[in-house]
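Number of protein chains: 2
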Amino acid sequence: MKFIHTADWHLGKLVHGVYMTENQREALNQFIEIVAEEKPDAVVIAGDLYDRSVPPTDAVDLLDEILFKINVELSTPVVAIAGNHDSAERLSFGSSWYKHSQFYLSGKLTKSFKPVQVNGVNFYLVPFAEPGVVRQLLEDDSIHSHQDAMKALIGKMEEHLNPNEPNVLVGHAFVLGGQTSDSERVLSVGGSGCVGAELFEPFSYTALGHLHSPDAIKHDKVKYSGSLLKYSFSEAKQNKSISIIEMDEKGNFSHRYRSLNPTHDMRELEGHLEELLDPFFYEKQRLHDYLKITLLDEGALLDPINKLRQVYPNVLHLERKIDITDMKKKQSFNITRNEKKSELDLFEQFYTEMTTSEFSSDKKEVMADVIEKVLREEAVK
Amino acid sequence: MKFIHTADWHLGKLVHGVYMTENQREALNQFIEIVAEEKPDAVVIAGDLYDRSVPPTDAVDLLDEILFKINVELSTPVVAIAGNHDSAERLSFGSSWYKHSQFYLSGKLTKSFKPVQVNGVNFYLVPFAEPGVVRQLLEDDSIHSHQDAMKALIGKMEEHLNPNEPNVLVGHAFVLGGQTSDSERVLSVGGSGCVGAELFEPFSYTALGHLHSPDAIKHDKVKYSGSLLKYSFSEAKQNKSISIIEMDEKGNFSHRYRSLNPTHDMRELEGHLEELLDPFFYEKQRLHDYLKITLLDEGALLDPINKLRQVYPNVLHLERKIDITDMKKKQSFNITRNEKKSELDLFEQFYTEMTTSEFSSDKKEVMADVIEKVLREEAVK
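So the protein sequences, as listed, match chains A and B. Numbers in our numbering are just positions in the first sequence, counted from 1, shifted up by 813. Numbers in our numbering are just positions in the second sequence, counted from 1, shifted up by 813.
Hints were generated in silico from the structure; no laboratory data involved. Only a predicted model underlies this, so the values are computations on that prediction, with no experimental measurement involved. Any given hint might turn out to be false.
Label pairs and their in silico Cβ distance ranges [to be verified]:
1) B:L887 with A:S866: 46 to 56 angstroms
2) A:V831 with B:E839: 41 to 51 angstroms
3) B:L887 with A:R1122: 58 to 68 angstroms
4) B:E972 with A:H829: 24 to 34 angstroms
5) B:E952 with A:H1101: 43 to 53 angstroms
6) B:E972 with A:D871: 27 to 37 angstroms
Glycine is no exception: its CB is placed at the ideal position from the N, C-alpha and C atoms.
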């Protein structure tokens, strides 16, 4: 049995004021090509189909269109859950009608802990729910954290689970553990939101969503697929992919990645303005990528964002490595009329005001020469 | 062929700050009983399923539950369109999956002008759309009003319409015409939002939504079903019902109404506070109805809303027939220390300040007597 594991589509996402919908449409069309080619027995989507509980209407249209293509046109069973960004209720609407074409969409957590069976594999669906919701649903006052909640839910599932069958949990949670985990990491993340990977031991494979990197956890059987696309510059260096799992009737599986190739990558670029605007440099660049540019120039620059956008139309964020002013550290640039300062003193004050670098003795020498020259010419007039 | 015509459910409606959802659930459960009893070949819902484009999640849950019961559990085909209160895109999500169980939900207007066929009847679905949307869809710049838009759409439908078959249009519009229409009425409503009933001539029956009274139009073949419930006090005296239509293969039909009986009616009540709080009066009342109460009392009343709510818990709106003060018409109630006014003059000033009625000579006489008595007693002390 072969299935594709994906998650965190975040349809309707807005990044630095730019809607990603057209990019998402392109990526999902590539996804559909992969589905057509791989012919999996199921597509598993582990939550955050939308970016927010009330997504823009074109994102609603897009999800409808893509799921219809996969499920109905390509006759591929779909197993999907709501993530923390989705509205459980709004996503659930109509889901009872979808089942006849093997589209199993679990928006709201319910008391049914029975799996959905697709081609011999049992899929246990755990849509995102706050600990308080699980506490109420299970009438168990001991549930306070996500760890408690997941443990209790898995406990319910284990009552009927046959360990000799292939069992897959589909969840949306912040899971820690496995090879890379150490106690510092758990502590630094802050306990109550996290779920330990050891809880998923009863399952042959755990298909997770929530963290956007497929490398977020190194574990044999508990895996994130990663998000569909890069959704922030902190993800610029992450790999984005979908996972292809082939599982036998014992639950043993092989796992491989396939990548999507978006027209617009999301990248960080660093350099001096002049260099970035130099054709020798930029002709080698993918100019239409979404960019965060960090300028290394000192001193004031005239309208750098518009100059950059003439070459790189999708600059989403511009930063200066050296802050032009840091008013708190410095005295303000005030000259009273009574003060008599030399031109060099005045320039030094101005320089330190406007840059963060030192007005070194080399610089002082150059400037003193310039001032002397100018004053001499003034005197000649 | 028998079908039920209903419209304007407005799920998630808020009336004077009170959510109608539980009332709507009760009414829809009665509706389901009628469906179970009548066993129609289709249920037609002519728009405004929700009250707004992003309805509260419990309204989403309710609609999902009710439609599933009608369509899947009672195996009844459903034909529904979006109204002006619905979001065409949000309502459309998933509708492609519904068709296999003969649930035809048309959220967005499309270029397909073919009818949905249910049990030998052709249903032409016209979801609500602004004239601009229709202009763009049909690429017809002459479309400016709802009248133009409906005329153009029906023109497209007529290209394929077989007048010897039973044809039903399902629409959501402000339709005028028929027996009660006269030019004043059309003028007073203001032209561009309205659609003339004569446009629907090609259809055996036109099932409309938008206006909340089933009597909004008197026409043999073009009818409103009216809303599910009363949704404002201006509807307090309207009949609320659903329409049962039985149609033969020529399109001839019989039409009758069935009523729902909500626990909470919406009514207006008028009287003096004392009378309304008198058990002799209120014991004959349905105390839990949603009420607009108009008090006829003159003068100041101490906390009337809370007194009334102890008897009538669902007072939604309280009005006074006589405004306590109308500051613009009267001089303000100022007494300067230098002024010497008689007690009677002072009382007259106070009385006219606090009521809108005249301080008649009868009243003056009574008051003069009282003042004289009091002053005499004061003098004796």
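- Task: Please write out, lowest number first, the hints stated earlier that are contradicted by the structure.
- Result: Of the numbered hints, 1, 4 and 5 do not hold.
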